[in-house]
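**Q** Sequence:
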Amino acid sequence: MDTQLLKYGLRNDQPTHISEVPSGLKCNCKCPHCGSPLVARKGMQREHHFAHHGPSSCKHAIETALHLVAKQALEKSSVIKLPAVLVTFSTYYAATIQIAPESMYQIDSIRLEKRVGDIVPDLIATIQNRELFIEIFVTHQVDEKKRNKITKLGISAIEIDLSNAPRDLDFDSVSELVVNGIKNKRWIYNVKKEKEYKKIMSQTIRKHSITRGLASHVDLCPKSIRVWQGQPYANIIDDCLYCEHCLNMGYNMSYVDCNGHLEKQTNSEL
Numbered sequence: 002m003d004t005q006l007l008k009y010g011l012r013n014d015q016p017t018h019i020s021e022v023p024s025g026l027k028c029n030c031k032c033p034h035c036g037s038p039l040v041a042r043k044g045m046q047r048e049h050h051f052a053h054h055g056p057s058s059c060k061h062a063i064e065t066a067l068h069l070v071a072k073q074a075l076e077k078s079s080v081i082k083l084p085a086v087l088v089t090f091s092t093y094y095a096a097t098i099q100i101a102p103e104s105m106y107q108i109d110s111i112r113l114e115k116r117v118g119d120i121v122p123d124l125i126a127t128i129q130n131r132e133l134f135i136e137i138f139v140t141h142q143v144d145e146k147k148r149n150k151i152t153k154l155g156i157s158a159i160e161i162d163l164s165n166a167p168r169d170l171d172f173d174s175v176s177e178l179v180v181n182g183i184k185n186k187r188w189i190y191n192v193k194k195e196k197e198y199k200k201i202m203s204q205t206i207r208k209h210s211i212t213r214g215l216a217s218h219v220d221l222c223p224k225s226i227r228v229w230q231g232q233p234y235a236n237i238i239d240d241c242l243y244c245e246h247c248l249n250m251g252y253n254m255s256y257v258d259c260n261g262h263l264e265k266q267t268n269s270e271l
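Everything in the sequence shown is counted per the numbering used here, starting at 2 for the first residue and increasing by one.
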């Protein structure tokens with residue numbers, strides 16, 4: 002199947018699948034992106050699809066069409082399932098903390114491609130009086146530049162991956178992916194996650210490394226993994242790298258950010 006065939010046109014300003022219209026210009030459809038008239042090609046030789054009636058250089062019709070279908074699906078359902086929110090840390094063995102489970106959320110309103118600051122999100126949903134940017138990945142994934150702009154705005158955003166979805170999916174199939182799908186969704190930025198991460202990291206103690214011979218150590222290890230002359234310490238490679246309390250490590254192991262003292266304080270209070 003040719004994945005670049007246009008399967009949706011705008012009819013009465015609503016995205017309409019090729020299977021729902023008569024052939025030729027009787028389809029009464031226009032391009033979702035440029036607004037030019039479309040012709041419905043529903044012959045016996047090729048797969049049914051829309052084409053521009055006249056010469057056209059429009060390259061974004063398929064992507065825009067899926068954005069519109071996604072918006073229509075979310076408007077119709079008024080809900081969206083969002084992935085769990087996880088706080089992760091840069092070291093290998095540090096725990097991953099779930100601060101919000103995978104869940105279905107009620108959508109209060111949804112808008113299409115409205116400029117916010119320096120970016121134009123594909124969709125902007127309002128959920129629990131907060132804005133959520135929704136990016137639809139058809140041919141272009143959110144890059145680092147756009148991610149940084151979203152982070153700077155401080156607005157939660159998810160990406161819904163439709164890049165591998167067949168372009169001839171009917172409305173119900175697209176709706177299932179957009180509304181109920183979870184494996185094809187990822188957080189680009191999450192306000193709650195960022196706040197929780199900063200809170201956790203603010204409670205750590207930065208321990209700078211000390212070179213002793215060929216080893217890098219940090220003194221005053223709260224777990225007292227190693228002791229020398231009555232002073233607890235840890236080997237950064239052998240101990241800190243695999244410790245659940247080591248949440249961050251500096252370049253070339255120049256320091257570790259440790260929260261082991263919190264466990265020690267808790268135990269002393271019991």
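It should be emphasised that the hints constitute simulated quantities derived from the structure, not laboratory data.
Using N, Cα and C, we set each Cβ at its ideal position, and we do this for glycine too.
Incorrect hints may have been included.
[Claimed, not checked] Dumping the calculated DSS-like pairs for lysine-lysine here, alpha-carbon to alpha-carbon at most 30 Å:
hint	residue 1	residue 2
1	31	60
2	115	224
3	199	184
4	27	82
5	31	150
6	153	224
7	115	186
8	60	150
9	224	186
10	147	82
11	194	82
12	199	153
13	153	82
[Claimed, not checked] Taking CB as the label site, the calculated pair distances span:
hint	residue 1	residue 2	range
14	145	199	35 to 43 Å
15	199	167	40 to 48 Å
16	225	79	29 to 37 Å
17	251	114	39 to 47 Å
18	174	106	16 to 24 Å
19	109	171	40 to 48 Å
**Q** Is residue 60 close enough to residue 150, meaning Cα to Cα at most 30 Å?
**A** Cα-Cα ~26 Å, so holds.
**Q** Against the 30 Å threshold, does the CA-CA distance of residue 153 and residue 224 hold or violate the hint?
**A** Given that 30 Å is the threshold and the Cα spacing comes to 38 Å, the pair is violated.
**Q** Going straight from one Cα to the other, do residue 199 and residue 184 come out at no more than 30 Å?
**A** Given pair residue 199, residue 184 holds - Cα atoms ~27 Å apart, limit 30 Å.
**Q** Given the hint of 35 to 43 Å, check if residue 145 and residue 199 actually sit that far apart at their C-beta atoms.
**A** At 21 Å between Cβs, range violated.
**Q** Between residue 153 and residue 82, is the straight-line Cα distance small enough, at 30 Å or below?
**A** holds (25 Å)
**Q** Measure nothing beyond the straight line between the CA atoms of residue 115 and residue 186; if it is 30 Å or shorter, mark the hint as holding.
**A** holds (21 Å)
**Q** Quick one: are residue 174 and residue 106 within 16 to 24 Å, going by C-beta?
**A** holds (22 Å)
**Q** Straight-line Cα separation of residue 27 and residue 82 no greater than 30 Å?
**A** Since the Cα atoms of residue 27 and residue 82 sit roughly 38 Å apart, the hinted pair is violated (cutoff 30 Å).
**Q** CA of residue 147 to CA of residue 82, is that 30 Å or under?
**A** Answer holds: residue 147 to residue 82 is near 23 Å, not above 30 Å.
**Q** Do the Cβ positions of residue 251 and residue 114 conform to the proposed distance bound of 39 to 47 Å?
**A** Because 41 Å falls inside the window, the suggested range holds.
**Q** Starting from residue 31, check that the Cα of residue 150 is at most 30 Å away, please.
**A** violated (33 Å)
**Q** Regarding residue 199 and residue 167, is the given constraint of 40 to 48 Å on their beta-carbon distance met?
**A** holds (42 Å)
Of the numbered hints listed earlier, those contradicted by the structure are 2, 4, 5, 6, 9, 14, 16, 19.
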